[in-house]
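**Q** What follows is the residue order along each chain.
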Amino acid sequence: MQVRIRYFAALREAVGEAEEALDLPDGATVAQARGLLAERRPALAKLLPACAAAVNRGYAQAETPLSDGAELVFIPPLGGG
Amino acid sequence: MSDSQGQHGGGHVSDRYSRQTLFAGIGPEGQRRLASASVAIIGCGAMGSALANNLARAGIGRLRVVDRDFVEVNNLQRQTLYDEADAASATPKAVAAANRLRAVNSAVEIEPVVSDFTADNALDLLDGVDLALDGTDNFEARYLLNDACLKMGIPWIYSGVIAAYGVSMTVQPHATACLRCAFPERPLPGTTPTCDTAGILNGIVAAIGGVTSTEALKLLVGSEQLARGLFWMDLWENIAERIELPRQPDCPACGLGEYEYLDAALSEETATLCGRNAVQVRPLQRGGALDLAELGRRLAPLGEVATNEYLLRAKLDGYEVTVFPDARAIIKGTDEPSVARTVYARYIGS
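Going down the list, the protein sequences come from chains A and B.
Residues 1 to 81 (the numbering used here) are what the first sequence spells out, left to right.
Residues 1 to 350 (the numbering used here) are what the second sequence spells out, left to right.
In case anyone wonders, no lab produced these hints; they're calculated from the structure.
Wrong hints could be hidden among the right ones.
As the list claims (entries may be wrong) - Per the computed footprint, the stretches of chain A lying under chain B, defined by three or more beta-carbons under 8 Å from a beta-carbon of chain B, are:
# : stretch
1 : 29-40
2 : 54-60
3 : 65-77
Computed from a predicted structure; not experimentally measured.
All C-beta atoms in this analysis are idealised placements derived from N, C-alpha and C, irrespective of residue type, glycine included.
Working from the sequences, and respecting the hints, build out all of it.
**A** Take a look at the structure:
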């Protein structure tokens, strides 16, 4: 299956693009997607652990399963004020 | 404190707020609620300025403005309560904010507090308020604010801005998700961008300030239109979205009641200030108030020293050292905590 990954803020800057398609085995979870991205994109590895994840605009936990065509967004905590 | 019949600022209260009370979501009853409400704004840099400005103009009864810093020229691009005179005189932000806000709306009771927000004083600084707003620039303060508000049952709104991005999230204790439901562990210093590394546009401050201050109005008038979840936007990429965010039963703070940031003894003596090439040193062992005049006499032979009503400023050894009566100091010219501690020990004492 394929999910659509969208990047926001520091993640977008680290990756250099706003989104990408990611192929995953059927039934893969948010945690697996996170792990795979960290492996493929070393620039994300240190940012991803602090991020909240949302699937189809709803908060998702590590064990949340993904489905084909799902949208996965990682939202980093924003510190400035 | 105003009432609906009072006269002030050259006009009748009902005239003053007419464009706000005409809005059905507020109305005259909502305006009365705002006038009797009390709000704490923790941190008064860019976001705190935007929030305090909107709330004072909206006629909130009482604003407590807490900030540890003083005004500098490079704040003026986005910190809209301050001007060049404030920067030239190094006025503490809480004091400069109060001066400005009182000029804007003399009916609002403004309580400026020049202080760090710490586990020691958090409960006192939030005492008696209906709502707390996050104008801080660091996660240490936000995770503490989350704990303190959960413990006291006070709603608060997280606002974060950097570059052209921003987030806003309303926390109603034990009713909606809290900061740690969304971000369970506090990001460690150095792992997230700051104004120092990523810059900040003033438009995102106004945009998120508008979202957050409007949520504040909804909360204070008891509107059922409150936003749920985490709102985020990127003004440069033209994105504004909201994600649903349910409470997490295993959240350490609102789920399990572990307020580790509030319960922590003060363990960090230094804090690097956002965008400043400066480090705050906060001595853990405090005596009474520091005698700034006496310190000024002691430092005068060593460098240029100036004092005002609120602080002492000395140029020493290439650093600009600003000392407050509570013995805090801001050492400008380094972002290394160890260097700042050394400067503090050398000139102020350990």
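**Q** Confirm or reject each hint.
**A** Going down the list of hints, with the structure as the test:
{"no.": "1", "hint": "29-40", "verdict": "violated (count 0)"}
{"no.": "2", "hint": "54-60", "verdict": "holds (count 4)"}
{"no.": "3", "hint": "65-77", "verdict": "holds (count 4)"}
The structure fails hint 1 only (numbered hints given earlier).
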